[in-house]
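Chains as they are written, first to last, in this note's numbering: chain E, 1 to 403; chain X, 1001 to 1403.
Mixed in with the good hints, there may be bad ones.
Stated by the list, open to error - Sample of chain X residues at the chain E side, in silico, Cβ under 7 angstroms:
id : residue
1  : Y1071
2  : Y1140
3  : I1170
4  : D1175
5  : E1217
6  : M1219
7  : S1320
8  : E1333
9  : A1401
10 : L1403
Stated by the list, open to error - Counterexamples of contact, computed for chain X against chain E with all Cβ distances above 10 angstroms:
id : residue
11 : K1002
12 : T1004
13 : K1013
14 : R1019
15 : I1118
16 : T1119
17 : G1121
18 : A1142
19 : K1143
20 : L1186
21 : I1275
22 : R1334
23 : E1356
Note that these hints are calculated values from the structure, not bench results.
Since we're looking at a predicted model, the values are computed, not measured.
Note that beta-carbon positions come from the ideal geometry of N, C-alpha and C, so glycine has one too.
Protein chains: 2
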Amino acid sequence: MKKTKLICTQCNKTYSIERVHPRCDVCNEPLEVEKVTKGKIKAGNILKQTILDRYGDFFPFLEIDRTLSLYEGFTPLVESSQLAHELGVKRVLFKNESQNPTWSFKDRGTVVGAQHAITMGYKRIGAVSTGNMAVSVAAYGAKAGLQTFILVSAKLPAEKLTPIAVHNPILIQVDGDYWQLYFDSLEMSKRHDIYFINSDVPFRVEGSKTIAFEICEQMNFASPDYVIVPTSAGGNIRGIMKGFEEFKGSGIIKNVPKIICAQASGCAPIYTAYIRNEECITRVENPHTIAHALENPYPPSGNDVLRKIKRNGGLCVAVSDEAILQAQRELAERTGIFGQPAAAVPLAAIRKLRKEKVLSGKDTVVCIVSGSGLKYMAALEKRSFKIHTCQLENLNKFMEAML
Amino acid sequence: MKKTKLICTQCNKTYSIERVHPRCDVCNEPLEVEKVTKGKIKAGNILKQTILDRYGDFFPFLEIDRTLSLYEGFTPLVESSQLAHELGVKRVLFKNESQNPTWSFKDRGTVVGAQHAITMGYKRIGAVSTGNMAVSVAAYGAKAGLQTFILVSAKLPAEKLTPIAVHNPILIQVDGDYWQLYFDSLEMSKRHDIYFINSDVPFRVEGSKTIAFEICEQMNFASPDYVIVPTSAGGNIRGIMKGFEEFKGSGIIKNVPKIICAQASGCAPIYTAYIRNEECITRVENPHTIAHALENPYPPSGNDVLRKIKRNGGLCVAVSDEAILQAQRELAERTGIFGQPAAAVPLAAIRKLRKEKVLSGKDTVVCIVSGSGLKYMAALEKRSFKIHTCQLENLNKFMEAML
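Excised from the complex, chain E in its bound form (with noise of 0.2 angstroms):
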């Protein structure tokens, strides 16, 4: 590893990079990497690099095993010019996170951690999620042929678990408190050497700094005004955060564009407190969106998320079910990209800071689509479709109705 550390997000304390334990003993609040201010992009051919290839200078690692990596990142961003239109906006654009190789933004935390874990001698990693993050590093440990736990709760429906157990993981659905057992993962990781890849650990949260430095070369290096991120545990806008005051430390950006934290009205830990301008979140009692994936009642980055939105001058956001859903359609049906729920959740989020004039049509906006609508179908099977049918005799008649 690289002569760097690990810091608290809240007192400052520091610790070694070595270090597992993704909390601080003092505060409990969770550690980051030290910021990297003198680093470059490694020029190359993106089929031959993988994202520590690339943003080398950005990560701590001294060297890189390349046959971790599934090929993350370098997603597409995507611009509608008709959405923009739409609403009332300069530009918008779409960091297309669901052509991952698990389809989801967490690929990118995934192959980062399980490099750390690696370095650091670790045979066995693990997860506790409900969702992307399992699949992810249920597939990040086969291809690694690391030993893989993955800690589920025991009313995830069956749809859910298959594509984490396609990858042939240890899966455990565990009967309990689900916040507990994020906590006990803590404990387990160093009673039994396994290595948990959860939501807010240092090395996770620098995975997501490479949306933020794509973002930038995507956008020649003119930062966007806004990028909004649907924040769930918070490790992934911190690290899209992080991401842009490294790349502006560096010199390669200028200005740090602002972060909206969204979340889903039913379950907005983060956005309560900030509305409440509260310096903690309180724990929601009982979660309910049909953004699944934002459906982490007490986030563990949620109190740094806070502090860093105040910090950059971002702002937070909650959106109902209802905009979420209609955002999910016009997402699909105006760019083309079908995503999940969580996935449309900025999008929703544009809506109503646009009518509430906090965004104004000056403003060019970056979404990020976290994962792909092929993860939750069942999401859709209230929706009425309008499909046709029609005899093969009739088609001609038929086609010629609809012209």
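Start from chain E and add chain X according to the hints.
Same frame as chain E, now just chain X:
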């Protein structure tokens, strides 16, 4: 359009590059765009290029409408030394087409077809398809804001309709012979000014060339010994062969790899004709395979695939559903890639061909992973997965027993 032409793949009769009808008026065999023999790769940052930018020399367009693109292609080539060892070949690599915008290889051909349609002044596109292609054309139609007609079989189950319907095309379930429907679509194309980007249209085939181009770049221009392509209608394998040939003709690579046409035993018209040493395929009467994406009983490019495989020096193979499902499992468990059943056919083919000593321990083999496993979860319904259950308070002991 650049000065070039369409040529019949059988009788060499030539046609204008502006022609939309994909088949020869004389022999009814598929047409193809004249081969390019003086092309170069355009250097540039792939984060900001489309496949039509980077490989523009190999396409006949004078101008590219980049708003048609969802940034398809540039997919990973993932190596598995473990599988190579287990299979007894030198190297095995997987071209992971599930990381495309609609999670299958179809997006490459769709964008090229849409570009031709736009160039020719069409305002309507369409497809006759039951799966990946329907989804892809619906998505690109939405992005381009074109009226989009998707004609599917009346038998298509709801789970396959929804991912098409989310993009809001004019979706018609047609009751009647599916093969007749394909031919009727050619007529409707003329009558209603609809550009059907079906599986064998020359410009869809052109899109598949980019799979070959990228493999060449990713392997540092040293061709593999074999490329195995799961084959249904036959457009994709034709395009891949053409791509390698054009790179060879342009002096970019020295050798064209041998191409293996891989089918499912339950629907293997090309394989059957190959084994019988016949020049034309025969329609399969009762196609039935778990790899639904390969269930085309009378592939429109079938005869041309036979011709091209002979010229190329490659071969055909068919594998059982049992072998396909085993390969799907191995792929997910060894490489972390969860492919749809059709996508696992090449891996099943390696096992069979190695056993038959067609492949040797000296061979480097590339498998085309055609689409995402999320597209057809029903294939896994009968599999039983090992899923543990445990009370939270017993978790520590439980895990200890697992180590």
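A quick look at each hint next to the structure:
1. Because the smallest distance between the Cβ of Y1071/X and any Cβ of chain E comes to about 3 angstroms, under 7 angstroms, the interface hint for this residue holds.
2. Of the supplied interface hints, the one on Y1140/X holds, with its beta-carbon coming within about 6 angstroms of a beta-carbon of chain E, less than 7 angstroms.
3. With a cut of 7 angstroms, the hint placing I1170/X at the interface with chain E holds, because the nearest CB-to-CB distance is about 6 angstroms.
4. Here the hint on D1175/X is kept, as its CB sits about 5 angstroms from the closest CB of chain E, short of 7 angstroms.
5. At its closest, the beta carbon of E1217/X sits 5 angstroms from a beta carbon of chain E; the interface hint therefore holds under the 7 angstroms criterion.
6. Because the closest C-beta pair between M1219/X and chain E is about 9 angstroms apart, greater than 7 angstroms, the hint is violated.
7. The interface hint given for S1320/X is broken, as the beta carbon of that residue sits about 20 angstroms from the closest beta carbon of chain E, more than 7 angstroms.
8. Look at E1333/X: its Cβ gets to within about 5 angstroms of chain E, closer than 7 angstroms, so that hint holds up.
9. Checking A1401/X against chain E: minimum C-beta separation of about 11 angstroms lies over 7 angstroms; hint violated.
10. Below 7 angstroms, beta-carbon pairs count as interface contacts, and L1403/X has one with chain E at about 6 angstroms; its hint therefore holds.
11. Every C-beta of chain E lies more than 10 angstroms from that of K1002/X, the closest at about 25 angstroms, which supports listing it as non-interface.
12. Consistency note on T1004/X: stated as away from chain E, and its beta-carbon is indeed over 10 angstroms from all of that chain's, at 27 angstroms minimum.
13. Non-interface call for K1013/X relative to chain E: holds, since the shortest CB-CB distance, roughly 29 angstroms, exceeds 10 angstroms.
14. Residue placement check: R1019/X keeps its beta carbon more than 10 angstroms from all beta carbons of chain E (closest about 22 angstroms).
15. In this structure I1118/X is separated from chain E by more than 10 angstroms, as the shortest Cβ-Cβ distance comes to about 15 angstroms.
16. Here T1119/X stays apart from chain E, with its beta-carbon at least about 19 angstroms from theirs, past the 10 angstroms limit.
17. Every Cβ of chain E is farther than 10 angstroms from the Cβ of G1121/X; the closest lies at roughly 16 angstroms, confirming the non-interface assignment.
18. Not every CB of chain E is more than 10 angstroms from the CB of A1142/X (nearest about 5 angstroms), against its label as outside the interface.
19. At roughly 4 angstroms, the least C-beta separation between K1143/X and chain E is not larger than 10 angstroms, which violates its mark as non-interface.
20. Non-interface status of L1186/X relative to chain E is upheld: no Cβ of that chain comes within 10 angstroms, the nearest being about 12 angstroms off.
21. Separation of I1275/X from chain E is adequate, the least Cβ-Cβ distance of about 33 angstroms exceeding the 10 angstroms criterion.
22. Look at R1334/X: its CB is around 7 angstroms from the nearest CB on chain E, not clear of 10 angstroms, so calling it non-interface is violated.
23. Its beta-carbon lying about 28 angstroms from the closest one in chain E, E1356/X satisfies the requirement of being farther than 10 angstroms from that chain.
Comparing the model with each earlier hint shows violations of hints 6, 7, 9, 18, 19 and 22; every other hint is respected.
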